[in-house]
Each structure stands twice: as C-alpha cells, then as structure tokens.
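Following the hints, position chain B against chain A.
2 protein chains.
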Amino acid sequence: MTKEVKHKSDIEIAQEANMLRIEEIAAQLNIQEEDWEPYGRYKAKLSLGLFDKLKTKQEGKVVLVTSINPTPAGEGKSTVTVGLGQALNRIGEKAIIALREPSLGPSMGLKGGAAGGGYSQVIPMEDINLHFTGDIHAITTANNALAAVIDNHIHRGNELNIDPRKIVWKRVLDMNDRALRKIVIGLGGPVQGVPREDGFDITVASEVMAIFCLAKDLDDLKKKLSRMVVGYTYENKPVTVADLKVEGALTLLLKDAIRPNLVQTLENTPAIIHGGPFANIAHGCNSIIATKLASKLGDYVVTEAGFGADLGAEKFLNIKARYADLKPSAVVIVATARALKMHGGQNKNQLSTEDLQALAAGMANLEKHIETIQAFGVPFVVAVNRFVSDHDSEIQYILKWCSEKNIPVELSDVWLKGGEGGEDLARKVLDIIENGINEYQPLYTLDQPLEEKIITIAEKVYGASGVQFSPKALTQLQEFELQGWSTLPVCMAKTQYSLSDDPKRLGRPEEFVITIRELKASIGAGFIVALTGDVMTMPGLPKAPAALNMDVTEDGKAVGLF
Amino acid sequence: MTKEVKHKSDIEIAQEANMLRIEEIAAQLNIQEEDWEPYGRYKAKLSLGLFDKLKTKQEGKVVLVTSINPTPAGEGKSTVTVGLGQALNRIGEKAIIALREPSLGPSMGLKGGAAGGGYSQVIPMEDINLHFTGDIHAITTANNALAAVIDNHIHRGNELNIDPRKIVWKRVLDMNDRALRKIVIGLGGPVQGVPREDGFDITVASEVMAIFCLAKDLDDLKKKLSRMVVGYTYENKPVTVADLKVEGALTLLLKDAIRPNLVQTLENTPAIIHGGPFANIAHGCNSIIATKLASKLGDYVVTEAGFGADLGAEKFLNIKARYADLKPSAVVIVATARALKMHGGQNKNQLSTEDLQALAAGMANLEKHIETIQAFGVPFVVAVNRFVSDHDSEIQYILKWCSEKNIPVELSDVWLKGGEGGEDLARKVLDIIENGINEYQPLYTLDQPLEEKIITIAEKVYGASGVQFSPKALTQLQEFELQGWSTLPVCMAKTQYSLSDDPKRLGRPEEFVITIRELKASIGAGFIVALTGDVMTMPGLPKAPAALNMDVTEDGKAVGLF
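Chains as they are written, first to last, in full-length UniProt numbering: chain A, 1 to 562; chain B, 1 to 562.
It is worth saying that the hints were derived from the structure and are not from the lab. Among the hints, a few may not be true.
Same chains, same label: a pair holds when it works inside one copy or across any pair of copies.
[Claimed, not checked] Taking lysine-lysine pairs in the DSBU-like style, the calculated list, with each CA pair at most 35 Å apart, reads:
#, residue 1, residue 2
1, Lys6, Lys520
2, Lys327, Lys557
3, Lys543, Lys237
4, Lys216, Lys94
The following block holds chain A by itself, in its conformation from the complex (with noise of 0.2 Å):
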C-alpha cells in the first residue's frame, strides 16, 4: 500500500514456499496411485483413466476469470485465479484451479511468468515456466514431424498432388523469432527437396495445441489431428493428415503429453495446468481434459481464458464450454486501476500516481466487458484486484461505480495477502453461484454463416459498427462454404490490447470497423480462425531481452527469471 515498502520477487516468494509432495495433494483429491505419475517431487501426471473412475460422480462448477483489456501495466488475471482458488479452500470448499502452460518464448523476452503472482502463484514456478512436463516441446515435436512428412512427401513424388504453393501448414517453435517469420526452404538442389515460402509459427499458434486442447481423450485427439488441412491440391482439394497417413504417429508423440499436469499453490491448493494456446491467435483456455477433470475431481474449478474478455473469454463461452458441452456457473471479470487508467489516458510510465480523472475515463473499458458477459447470460463479479501502488481513492471510486450501477463488485487482495485476500470475492462468487440467474448461452447457433458469426462477435463483443472483409476473404467465405466448414465456430484472431482491431484504441472506442483480413481453416480443432490487422503468429523479441538478466547458480537454482 505504501511506496516505502520493499515486496519480494515472485521467484523469491515462490523459493521460499512450503511445497507438499505431490503425492500429498494428490491424495487430498483420492486420486490412487495408478492414476498418477511423478515428474520430479511437485509435478505429476494425471491418467485419463481418472475419467472412468468418477464416471459418476457429478460434475464441480466451474468459475471462468476474465479481464478488462490488458496492458502492460498487467491485469493479473492468473493471480487472481490462483488466489480465489485458494480462497475458496480457505472458506471450505473444495476447489481446484484450471491454468494454460506457460509458453517458453516469450520468457526469453520480457520479464514476467505466467504462473500468477506474488502470494497467488503456482509453483514450482521456475519449472512451469521452464519445461515444465515438456509438453509443449512434444507438440512442437508432433507438429513439425508433421512438416517434414509434408514437404517429404512433395519431394519423394507428390502421388497426392499437392501444390508446394498451397501449403498451409507452417512449422513452429516455442520461441519469439521473428526472422523465422517469412523464409523459402528447400534449396540447394534436388536432394534438398523442393524450394517454396514457407514461415513458423510460435507452437502456441498451432493448430495441434489448440486441438491438444479441444480433444475429449486419445482417440478424439487422434480423429481431430487426422482431420488437419495441411495445404491444397494443384486442383484445390484440401490435403488432410488422413490423407498423409500420419495421424498415429502423431497421437503417439502426444500420448503422454495429453495427460494433465498436477500441481500446487503457495498454500497447497490443488491446480491443474494442461495446454496453452494464445488468446490472440488462437482460442485461449487450457485443456478441456484439465477443466473437466478438475471438475470431477473437486466442487467448484477455477479457470482463466487469456487475455480480455473480448479474446479468452468470447472464445471460451463460444467455443470451448460449447466443445465440452459444459455450462460456466460464474465469471469473475478482473480490473485493475492502472490499467484502467492507461484505458483512461494516463502515460504508462506514471501510473503509480493518482489519476482519478484518467481512471473515470477507462471505467468504459470495463463497462463493455461486463456487457459482453451479460449478453452471454452468465453471473459475473468484478474482481478490483489490488496492486501495492494503488491508491486507496482509485480503489473506492471503482467500487462506487460498480455499486451505483448495481454491479456485483468486490475487492482482490490476493497479490499481497494470498487466499485470505481474496475471501470476500471468494463469498460473492458463491453468492452469485446460487442466486444469480444463469442464462448462459453462446453468442451465435452454428448454423449461421461464417460471415453472420463474425458480425456478431464484432458487433457483440467488440462494440464495432460493422465488418470490412478483404477480397481474400471474401472469397475464402464461399469456397469454406462449398467445402461444408460453414457450420464450425469461429475463432477471431486479434490484438488484446483493444476492444478494436488497432492496438493504440484504449478505452472503448466507437465507431470502428473490423476488418477481416484472411481466414484459416482450422478444421482439425473445429474452427474457422478470422484474422484481423496485423495479429502476429510469431513474436519477436526486445531489444534488451529478458534472457540476458537470466542465470542459475552452481546448485542449480534459477536467478532473474521473473
């Protein structure tokens, strides 16, 4: 609360914890030994087999956390997931906390994990942000396996006549390298294969992490993956996995990394972390296997969808909890007065001063989401999660509008004070749970056109006045609709920064059009992904990357990250 007082790092605060083995926490869920695995002394996996075993034992509800658009000044969605969850089991319920895996690239570049913060992270931090149970490396692995059988496949013959110029399937990294973006491959000569564009992704943007994350079991994995459009024919038929025949060894790269992962809190509350795609580029929320077992195994499920609630959240109420058939009980929309002042104006670099101007400005930014949320049908509470620098009279002035307006609203102090900062909002939710009135229902039916759904999330969501689509895709509409993919949900690919398709935008901005520059057919996860300006599908990094703060010490202990 003051200026004066010096906090710990999160990596110090998380070194110093007091982590039970995890064969601890998994005996607190009654999960047996056969159903689980050690990676190390603080990380298990999680047997599939689980889901037969509580086959009937009623589904927990599942609390989805949401934000405000985010800023660099942080929103603290993941902390304050982890710390309602610990709250939650403070006040005797029996909670588990669904999290996306950090991805590994952008760690190199900018400081700052993914695993919460301050006294609300999971831990062992330095791994889940590390490799973690290398499940990202086995998709990396899966997907670029993948490549090579395709461009191998060109060069040894092409008996399926695809078109070198039609491929749509990249290669990716779980790394920011931006020169990786644009490249021609193949060169040197015939024994090289065959030279075409090509470019990767980071593996978060790939269409095997967001079926990793869509996929019911093994068997729907592998029916998922075999369905993956890698590229075209020279007659403009889409190539699939199937056709390629590589569907099993896919799965088999993937059959231990489809397991979720076991973890912990800084107080011991059980959480599970089990895929990661981006918000941005991809549809943002962990694992379906992850929400849906934590909610077997525990009463109420906390989980987070990346970004704002115009990405993560739109993504998971429209896509993900349809997928799963799964019906969210609450929604926890976090906002903070830094970056609701930086919505309202103020420089990022003063936002420790007060500014209860700049901030009255940016409450419109939450407005929006909080009618986002109400047009789903889905009880909701705004979180004011509270940073050390905020001011007292900024924390009153947001908990005056909400209440004004009628707006469920309650304070976050989760950051500071772990799971007992965040017992009051761990009560509303609760309250909500039982007395709000739970319409939920997706934005759109899937029998709309492609066209309709983007308009209405565009509109809907984003607050837009209309929809501009480049001549591209306009004609990518109608051949996706001669190929049937015209039923699929779509996934919108845009920047989190602002409820428009243009970064700078802060705040609410009116009268806006979204333009749809390109689409992908992600038919393996069943999506049709819209792309909008210039969302990025690999990172680059600073000038002054995280990387070069990082180091570890002669016992192994990890120095500057985070």
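The following block gives chain B in isolation, referenced to the frame of chain A:
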C-alpha cells in the same frame, strides 16, 4: 538359430518386462532419496551433488563397446553393451551401463530403436525412444534461443558488428527434415529482421549437445557455452556467446537436462542414459557426467561410442577420455557375421544365406578396427554378436579366424538370451582387464598442429594413404592457428559406412585419400570439426517413413515403434 522360430519384436519383449520401480534401482545403488527425482515410475534424474558425496569412492573400471563399420544389417553394439552389463551383474560384479539418448528425428524415418534389442534392452524403451525426460528438447531450445538472440541483435542495431554472411550458428530440430537444410530467413521487409542464408541441423549435431556431453558440472557447462563462436564480425573477429551475454540463460534452460537419467535393463541392471551426439558429425559418446557418475556408483561401467571404431571409439579415446581424465580399462569390438559378409560383398538382401567366401573377404574390416584399438594400447576382445538367422559355420569361422591370430574373442548371444548369453564375454572382459597390458594413450598430442592431428587419424585409424585439404580448409587452418585454436583435438565428420570418406567403399579400402572439405570451430565443446565428403548434418526421411506405421492404442500403448 533356425529360421522357422518366430521371435517377438523388441517392443513386445520390452512391454512384457518385469520392471522394478525406479526407487528400487536407486536403492540398489545406495542413492538417497534427496539425490534422485522420479520422472514417471521407471525413470529418474540423478543429482550432480552425488559427485561430492562420492568424492572418496574409487572410480570403477570403464569398458568401451565399439564395433566394425555398421551396415544396414546392424551390428548390435547397444545390444551387446546392455547384454554385457547384464552379464557382469549375473556373474556377481556391480556393473552399470552408460548409453546415449536416442534422437527422435531418425525414429520417425527408419524403423529401429536405439535402446538395445531382443533380451538386452534398456526400458521403458518407448519412453527412451520418444521424448524420454526431455533433455534433447531442452538442448533444441537452448540452441534456438541463441539463434533468435543472434538475429535479434543484428535486427536491433548490430552493436557487435556481426557480418550476417558469416554466422556459423545454425538452428536445430530433432527431426529428419531435409527441406530445412538450406533456407533463407528474415524475409518480408524491415519488420521481420535481416535476410540471410541459414539452415537447420538435427539437434544431436548441435555444439550445445557436444558441450552437454563434455561438461563436468553446471559451472563448466556455462563456461563452455560462453565460449561458443556463433559467427564473425565484418573484421573477421569471432563473436561468442559471452559477447551476446546469454550464457546464463542457456545454462538455465539446461539446468535439469544436465542431470543424468537413471533407468534399468530388462534384467533390472541399472543404466544411465544421458546425452546423445551423433558419431559421424559429432563425437558420439554419452555425457562425461553419465560415465563418471556410473563409475562412482559401480565397479564397472559398460559404455558405448557411436558407429564403428573409426568414429566413435577414435573420438572416445582421443577426445572424451582425454577431457574426462579417464583411462578405459578394456574395449569390446562387436562384429556380426551378417555385417562382415556385407563388407565382403554379399548383397544386403541375402545376408541370411550362408556365404563363407564373403565372410572371409569381410574379415578385413574387423582386422583394421582391431589394429586401431591396438594402436591406442587398450586391452580388447572381439565380441561375435549372434543373430538368430546366423549359420553356425559362419560363427565358427570368425571365432577360429581370431583364435588363429591370438586375438581374444568370445561369442555374444545376448539378443536371444539376455545376460546369460553374455556371461562368457563378461568373464573374458574381466580377464583382459586383470591380465592384459594397458598402455592407453591418445594417438596425438594436443601441441601437434591441426593438420598433423587430422593426418594421424586418417592414416592410423582409417588406413588412408593421405589427406587432401580443400582450398577453403587450408585457409581455415591458417585462420584457426591465428586464433590460437590449434591446440584443440579434432572431431572428424565422416561417413560411418566406410573406413574411407566414400560410403560405398566397404571392407577395408586401400590406397585412398581423405578429403577435408571444411573445418568448423567448436570452441565451446573444445574441438575442431573436420568435415570430409558429404556428411549430412540434417538427415532426410525415406519414401515410406516409419511414422506411417506408428500408432497408439486407446489406453496409451505405443504401436509400431520398433
């Protein structure tokens, strides 16, 4: 022995094994719980702190298993290594096996694992052959993080003045992906980086892998990584990892991987599997850490070096043993009737047919490798590794050929009979260790010029009549001398199929010249790579890759994997 018997496949045998939980294997070695971490129920990572605890314990004797030049017919070197380790335990010795980690890339291409075979395998073989404990993925990540930092440095102003045309650091994937051998990156305009020629190697060819296998501890790893030369400035000054300031980050990415992996054989003999550079393009031995730790934990270490004695053993004895300050106690040279017959001219599709004439002609290959080991001064024994399709007449011929020349020889029947089939071999190994004369020394001293070292290997190990240096190599010899790099050992990159640099010249070629095409400075690893002929640093897939046959059952069991 008879062709009618239908034998089980390697994976069938492995999946029926009676595995002990890894804690039992650890207990067998008196490893305390604080010094190992489980990865599943049957794999563990061992703490490097063990070295300190075992400081006063005498080192066990190291037995190196090598072979004649391999052929597609297989020589079974890993099988003999595992079988011999099992056999030593059966006759009452405390032996530990140290092996390389298999690269995943080639598994997708050609059927055939790298974890031994028949009743002499390390298990769980599916895990070992797939992602295992993630070490190779960590190496891929470290290698590519460095690559991203290099291109980012140039993109962000190029303070170090790196000449993009002189970058020698390549990206890697653990994949057979021909199309990535020669590529152009950084295309697409100023936002995407600086265009330049580039290429991918397979991960096991990365200098990071070589360093991983030559480092003594975490600190030594960091030092070696910091010395890696990634390119040259416009003034031809070498640019190192230290200049880029990311040795800490790279070491952090490898901090768990550097701990060696404990598994077991089908007969529950402990095996440490760690690191896996190719032997044709790198130095081909498991990590020094693994070999040294095994020698601290056991009285005997049975380890192998990749491919034939001209590659793996030469590098083990000239590079690894020198850096590890390790004196090998004995060498086992594996030969098979099938491979010898192929060296003698028999068609590879008819190797099950008796052909004593071809066998007689092929013995010359074995003879050369025997001379090589004799030149190093280490006691040795020839192990005739029996295949079920072998004819007794052929086995007898090899045994007699050796006996007549007073060459120690023993039959190995470990594929079919496990450790029991290697007991005679084990006793012979103990005998030559006790009674043989060990005058081990490397074939060259470090103060000899690089050129002389290369000529020494070519003449004494390959039997070449001379060495031809390309104009490029000659220039590099001068440059490396000026850089002060000529006191490093040499790592020859040569085809594994022939003693010469032409893979088609089987048997014991004579009157041939080795051509040194190019040199590569692996200053971090501490050797100069000399590239001969067309050694591929990125393999390709065959027309019908093994991946086409791979699958996984609904309950997660691997199918079609070896």
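Comparing the hints with the structure gives:
Taking the closest pair of Cα atoms, Lys6 and Lys520 never come within 35 Å of each other, the shortest separation being 48 Å inside a single copy and 50 Å across copies. When the C-alpha separation of Lys327 and Lys557 is checked against a cutoff of 35 Å, the pair qualifies only between copies, where the shortest distance is 33 Å, while the shortest distance within a copy is 42 Å. Within a single copy, Lys543 and Lys237 get their C-alpha atoms only as close as 43 Å, which misses the 35 Å cut-off; across copies the closest is 23 Å, which meets it. When the C-alpha separation of Lys216 and Lys94 is checked against a cutoff of 35 Å, the pair qualifies only within one copy, where the shortest distance is 24 Å, while the shortest distance between copies is 47 Å.
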